[in-house]
Every structure is written in C-alpha cells, then in structure tokens.
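Can you build the whole structure from these sequences, using the hints too?
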Amino acid sequence: MPGYSDPGFDTLALHAGAVPDPATGARAVPIHLSTSFVFQSSEHAASLFNMERSGHVYSRISNPTNAVLEERIAALEGGAGAIATASGQAALHLAIATIAGTGHHIVASSALYGGSHNLLHYTLRRFGIETTFVQPGDIDAWRAAIRPETRLLFGETLGNPGLEVLDIPTVSAVAHDAGLPLLVDSTFTPPWLLKPLDHGADLVMHSATKFLSGHGTVVGGLLVDGGVFDWDAAHQRSGRFAELAEPYEGFHGMVFTEESTVGAFLLRARREGLRDFGACMSPHSAWLILQGIETLPLRMARHIENSRKVVGFLAAHPMVARVGYPELESHPSHALAKVLLPRGAGAVFSFDLKGSRAQGVAFIDALKIFSHLANVGDCRSLVIHPASTTHFRMDDAALARAGISAGTIRLSIGLEDADDLIDDLKRALKAAEKSA
Amino acid sequence: MNLIVNAASGPVPAYAYTGGKPLDPTLPCVVFCHGALHDHSVWTLLARWCAHHGHGVLAIDLPGHGRSPGPMPDSVEASADWLLALLAAAGVRSQATLVGHSMGSLIALEAAARAPDLVQRLVMVGTAYPMKVSQALLDTARDAPLKAIDMVNAFSISTLAAKPSFPGPGMWLHGSNRALMRRVLAGPNAKGCAINLFHHDFSVCDRYANAFAAAAQVRCPVTMVLGAQDQMTPPRSTREIAAALKASIVTLNSGHSLPAEDPEGLLQALAQALG
Chain S
1 MPGYSDPGFD TLALHAGAVP DPATGARAVP IHLSTSFVFQ SSEHAASLFN MERSGHVYSR
61 ISNPTNAVLE ERIAALEGGA GAIATASGQA ALHLAIATIA GTGHHIVASS ALYGGSHNLL
121 HYTLRRFGIE TTFVQPGDID AWRAAIRPET RLLFGETLGN PGLEVLDIPT VSAVAHDAGL
181 PLLVDSTFTP PWLLKPLDHG ADLVMHSATK FLSGHGTVVG GLLVDGGVFD WDAAHQRSGR
241 FAELAEPYEG FHGMVFTEES TVGAFLLRAR REGLRDFGAC MSPHSAWLIL QGIETLPLRM
301 ARHIENSRKV VGFLAAHPMV ARVGYPELES HPSHALAKVL LPRGAGAVFS FDLKGSRAQG
361 VAFIDALKIF SHLANVGDCR SLVIHPASTT HFRMDDAALA RAGISAGTIR LSIGLEDADD
421 LIDDLKRALK AAEKSA
Chain F
1 MNLIVNAASG PVPAYAYTGG KPLDPTLPCV VFCHGALHDH SVWTLLARWC AHHGHGVLAI
61 DLPGHGRSPG PMPDSVEASA DWLLALLAAA GVRSQATLVG HSMGSLIALE AAARAPDLVQ
121 RLVMVGTAYP MKVSQALLDT ARDAPLKAID MVNAFSISTL AAKPSFPGPG MWLHGSNRAL
181 MRRVLAGPNA KGCAINLFHH DFSVCDRYAN AFAAAAQVRC PVTMVLGAQD QMTPPRSTRE
241 IAAALKASIV TLNSGHSLPA EDPEGLLQAL AQALG
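Line by line, the protein sequences are chains S and F.
Start counting the first sequence at 1; every next residue gets the next number (my numbering).
Start counting the second sequence at 1; every next residue gets the next number (my numbering).
Source of the hints: derived by calculation from the structure; they are not laboratory data.
From a predicted model like this one, the values you see are computed outputs, not experimental measurements.
A few of these clues could be false.
[What the hints assert, rightly or not] Have a look at the derived ranges for each label pair, beta carbon to beta carbon: (1) F/A228 - S/K368: 53 to 63 angstroms; (2) F/I195 - S/G25: 23 to 33 angstroms; (3) S/E246 - F/E240: 46 to 56 angstroms; (4) F/D24 - S/V19: 34 to 44 angstroms; (5) F/P22 - S/P169: 40 to 50 angstroms; (6) F/R93 - S/G250: 28 to 38 angstroms; (7) S/P169 - F/I195: 47 to 57 angstroms; (8) S/D138 - F/A88: 56 to 66 angstroms; (9) F/N6 - S/T24: 16 to 26 angstroms; (10) S/A242 - F/P13: 29 to 39 angstroms.
[Claimed, not checked] Quick look at which bits of chain F chain S covers, simulated, 3 or more residues with Cβ under 8 angstroms: (11) 158–170; (12) 263–275.
[To be verified] Computed footprint of chain S on chain F; a stretch qualifies when at least three of its residues, placed anywhere within it, have a C-beta under 8 angstroms from a C-beta of chain S: (13) 48–62; (14) 146–153.
Glycine residues also receive a C-beta, built at the ideal position from the N, C-alpha and C atoms.
See the structure below:
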C-alpha cells in the first residue's frame with residue numbers, strides 16, 4: 001500500500017483493518033478483553049464523548065478487536081463501515097431500530113430464516129412496526145406493498161430454505177424509486193460468493209455465526225453500510241428518516257447526515273443502538289470470527305466443491321423427489337443465480353425425500369457424519385428438518401408460502417471428504433427406503 | 001448552516017458545517033476547505049474540536065459539492081473569491097484561520113493572499129505546488145470516473161488499518177472515501193460541469209499557476225501538514241512553495257487522506273498552529 005488499486009479479496013480477508021500491534025508487535029490481532037479504555041486527560045475524555053476525537057471509550061460502544069472485524073467485513077463487502085453485534089438477530093434488530101419506530105412499516109421477503117420471520121411478524125409488531133411479506137420474486141408485490149410509512153425493504157440473498165435468489169438489482173431499484181433502502185441478509189452468501197452492495201443493496205447483514213466464523217464455535221452478527229444511500233435526500237423528499245437527518249437530542253443534538261455524509265446510519269446505530277439496546281459483540285467472539293474470515297476464500301471454495309458433488313449425487317438418487325439448488329436448471333432461480341452467484345450458489349440447500357414423514361425421520365436418524373442440529377455454515381456437515389425446527393411456528397399456509405413441505409430436508413455441506421458425505425447420505429437413504 | 005453568498009455570478013446558496021454549535025462570528029473563526037470530490041464531512045472531528053474550544057467554525061461545501069449548489073468555479077482564484085464571499089455572508093470579519101486539504105489548500109492559499117487583513121493563519125494539509133495531475137488520470141476521470149475514484153482512493157490511503165478510524169471505530173477508510181467520492185460525483189449539486197465534477201476539480205488543481213504570486217501577498221503564519229507516505233502530493237513537491245511561504249512543516253506518518261487517516265496527528269498540528 002498504496003498501489004494502483006485496493007488489494008484483492010484474499011489479501012483483504014487477512015489484512016484489512018489490522019496491522020502488527022503497535023504496543024507489542026503482535027502479528028495476530030490481539031483480543032482486547034477490556035471493558036473500558038483509559039482517558040489521557042479530562043479534556044481527552046470530553047472530546048471523545050463529544051465526537052471531537054475518534055477512539056474507544058467502553059466496549060459496549062466500540063472495542064479495538066471488534067473494530068478490526070468491522071473494518072474487515074466492510075472491506076470484503078465493499079462497504080463504508082460496519083458494526084459487530086451479539087448475533088445476526090441483533091444485527092437485524094439494530095438495522096431496523098436505527099431507522100424505524102412505532103407506526104413504521106417494512107416490506108420483507110416471505111422466504112426468511114424463521115428467526116427473522118418471528119422478529120418481523122410477531123415481536124416488532126408488538127412495538128408498533130408492521131411488516132408486509134411478499135414473494136421474493138414478485139417484483140410488483142414489492143412495489144405495491146410500499147406505503148408512506150415504509151422505512152425499509154428486506155430480503156435474504158438466498159431465501160431460507162428454498163434458496164430463491166433475491167433479484168437484488170431489481171428489488172433495490174424498486175426501493176430506490178420509492179426513496180427507501182434495501183437491507184439484505186447475506187448470511188448464506190458470504191462476500192466471496194456475492195457482494196450485495198455491488199448490485200444495489202444499501203445495507204448488508206450477516207449472522208457471522210455461519211460461514212464467516214465457519215467453525216460452529218461462536219454466535220455473532222455484522223451490519224455493513226455501503227455509505228451510498230442518501231438519507232438526507234430521502235428525508236427532503238418524503239420526510240422519512242428524521243432519525244438521521246434531524247437533530248437528535250439523545251446525542252448532543254447531532255444531525256447524523258451532517259456529521260458524516262457516508263457514515264450517518266452507522267453513527268446513529270452505534271451511538272444510539274449499541275449504547276441503548278446494548279447487543280454488542282464480545283471481543284473474544286470477534287477474534288474467533290476473524291480467525292474464520294482469514295480462511296474464508298479457501299473454505300468457501302471447498303464448501304462449493306463439496307456441495308456440487310453432493311447435489312449431483314442426490315439429484316440422481318431414486319429416493320429423492322427434488323433437489324433445490326440454484327445451480328440446477330430445475331431451480332426457479334437458476335438464471336438469476338448464474339448472474340449473481342457465478343462462484344457458486346452456496347453450501348446450504350434442501351431436498352425432498354420420496355416417501356412418508358416417518359421415512360424422513362429414519363433418514364435423519366441414520367446419518368453418522370451429518371449432525372442433526374439448528375445451524376448452517378459450519379465446517380462440519382449439518383442436517384435439519386425445517387418444519388419441525390427452524391420454521392415450527394409457521395402454520396401450513398405460511399410454510400407453503402416459504403416453499404417448505406413436511407418432508408423437506410435441509411443440508412449444510414461442510415469441508416469433509418465429499419466421498420464420505422455421499423456414503424453417509426447413501427446409507428441414510430437406504431435406511432429410509434427400508435423403513436417404508 | 002445555510003448561507004446566501006454574493007458570488008461573482010450573483011447571490012447563490014451555500015452550506016457550511018459549524019462543528020455542532022451555531023456559528024458565533026465574533027469568535028476567531030476556523031474555516032475548513034475540502035479537496036477534490038470531497039465535502040465538509042472530511043473535517044467533522046477537527047471542526048467539532050475547534051467549535052468546542054473557543055472558535056467559530058465553517059467547514060464549507062464548495063459549490064457543486066455536497067450540499068452547496070453548483071457550479072464549481074473553474075479556477076482556484078475564482079474559488080477563493082467565492083470562499084471570501086462566504087466568510088462575508090457568515091459575518092466573519094477578522095481573525096480567520098484557513099485550513100485547506102489538497103485542492104482546498106490551494107484555494108485557502110489564494111484566499112489568504114487576497115484578504116491578508118482577514119486571514120490570521122493558513123494551514124495547508126496534503127498540499128503541493130504545482131499540483132499537476134497526470135494526463136492519464138485526467139483522461140480516466142473524464143472517461144471512467146468510477147475507475148478514477150478507485151485509483152485515487154488507492155493512491156490516497158497509505159494503510160489498511162488507520163486506527164482508530166474516521167470518524168469513529170468500525171469505519172473502513174478505503175470504502176468510506178470511495179463512497180464519499182461517488183456520492184459527491186453523483187450528487188444533485190454536481191450537475192452542470194462540462195464533463196464531470198471529478199474531471200473539473202482535477203483540472204482546477206492542474207491549471208493553477210499563481211501560487212508564488214499569491215505567496216508574495218500572504219502575511220500570516222503558514223503551517224503545512226504533510227503525509228510522509230503521500231503519493232498524491234508527495235512532501236518533496238512542497239519544498240519551493242513552503243520556502244516562499246516560510247511555512248512551518250509538520251510531517252505525519254500518513255498518506256494523502258490526512259484528515260481521515262490521522263485526524264489525531266492533524267489535530268495536534270492544528271492546535272499548535274492555533275496557539
């Protein structure tokens with residue numbers, strides 16, 4: 001540095017946001033397990049609190065280890081900055097709470113992670129924020145659902161569990177035509193696969209628990225701002241986003257859009273959301289996620305390679321009625337996946353067993369390498385039955401709208417030898433067949 | 001704050017950030033002038049510090065940039081006239097400290113030469129003279145401004161980890177600077193340039209040829225704050241103009257984006273200059 005262009009993805013995955021520790025020379029990122037940071041003087045303290053200086057005060061607001069992670073994910077996503085949160089759910093809540101309150105409205109894809117659906121459909125409604133759910137591929141429905149009180153459009157890059165590919169360029173255009181931002185949950189597609197900001201999204205969130213961490217050891221979330229959405233222009237046009245474009249008495253009467261043209265959203269999210277809701281990430285969690293990100297390019301390449309082999313096996317198996325993977329021509333999002341996901345359509349997908357519900361149970365119980373649990377994106381291969389776990393709160397109609405049946409099995413393909421994964425599946429499919 | 005500036009073309013609206021407090025024009029005023037394809041927000045930490053330490057503050061958006069309607073004047077000299085008209089509109093009559101970054105440093109120099117009774121101090125940040133821009137970069141700014149932004153961004157920031165980041169932790173300087181330049185380029189006030197605002201700003205820097213004549217008119221103390229790693233305006237390219245201005249030189253371990261890359265070092269240099 002500097003050069004003719006910014007470093008490439010693999011270099012940024014290792015170096016963005018970090019240099020050898022100036023105090024000790026430590027090459028790896030230190031874990032700053034300190035709640036608070038000593039002021040140099042009373043004057044220094046006052047200037048930090050008043051945002052006359054940049055620095056760390058208290059680890060609920062910011063922390064040096066977390067800041068490395070925040071800069072790194074922002075670099076990998078092509079964003080202006082980021083905030084680390086206690087979980088992916090906390091990242092989603094922080095994004096919404098920063099720009100929406102009582103009386104406001106969200107338009108969201110109906111193909112969401114069950115936890116996100118719960119937050120939007122049940123919990124936020126209790127706090128006066130309503131959500132209209134639309135089929136992610138129904139562009140007219142996105143447009144028609146927007147109201148004067150709408151503050152956000154929200155979808156997942158790959159809908160859970162049907163893997164409908166969100167048409168980010170088109171949905172973001174709908175959002176921008178209405179003066180609204182698009183938030184995308186990119187948990188299933190870490191930036192090695194897809195950078196939503198490059199395709200028109202304004203905000204990106206991750207459950208870093210999944211592929212970014214990659215080792216099934218830590219819970220965390222990340223919220224990235226592209227810095228390009230013009231909150232001030234939207235406010236002048238419609239009166240929306242006074243939270244960012246009008247003085248906020250809760251923080252020095254600050255007008256966040258004046259304070260930072262590109263960082264207004266993150267400033268308010270940190271200075272209000274982390275401060276008051278307090279869903280911050282532990283520095284130890286940030287360090288673990290950084291360990292994962294350092295090998296993200298290598299891991300994702302292997303996740304994709306293994307997924308393609310397993311998909312090929314299942315698609316040809318007589319006990320399998322359907323494999324829902326966007327790289328297959330039979331998938332409704334196949335064409336869009338070729339455009340938005342040229343490196344691969346992720347490592348989480350579902351398939352439908354032929355046979356009864358009992359055969360599905362027999363299949364899961366017979367697996368030895370795949371672990372039956374409620375997570376995805378681990379380096380180990382995982383399996384789950386959505387209708388009885390992640391989406392169990394949905395009634396049949398809601399399940400159908402999300403593209404799930406009672407016999408749907410979801411796999412998360414890990415980094416094991418692909419032949420061993422296929423053997424495990426082969427044994428379990430045989431067990432399911434025998435249990436008929 | 002929003003102002004009406006009596007510019008050469010007539011009254012025009014303009015915007016200046018005042019550091020989180022209303023401007024008191026009776027206080028010694030620190031005026032911040034940003035560089036090419038930037039706006040006031042590159043200065044907000046320093047501006048807030050000054051506003052809360054006994055100064056009035058005007059961190060301006062140049063015409064055509066950010067919140068100030070265009071068009072951007074087509075020369076450093078005309079921009080300096082606009083800047084002085086803005087100070088008059090704000091009621092700033094004396095004891096002004098002009099702080100400029102890159103293109104803004106040339107505008108500040110020219111303004112200090114034109115109003116020696118008004119300008120008490122001059123602080124030139126990430127400066128050079130002549131501020132020539134390569135034909136290749138001018139051509140890229142004309143033909144592919146987003147690519148030119150990426151080139152300038154990579155040239156301007158010397159590190160992958162400027163701590164504790166600007167304006168606060170968690171901001172990725174490469175991404176935030178790229179986003180800012182894209183926002184300013186695409187902003188509604190940037191319309192009206194013959195080619196585009198990026199090419200316009202770089203052409204203004206490239207054409208400026210009056211620095212030594214201006215230096216002869218400057219009567220105030222001058223401080224230059226330079227980045228040792230600066231590849232856009234390398235420190236060696238300031239020697240002659242620094243000598244002409246009898247400037248005090250502070251060199252920070254930074255690239256060209258000093259306000260974002262080392263706001264703390266810049267604050268120390270500014271505080272020393274302000275006495």
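### Task
Against the earlier hints, flag every one the structure doesn't satisfy and list their numbers going up.
2, 7, 9 and 10
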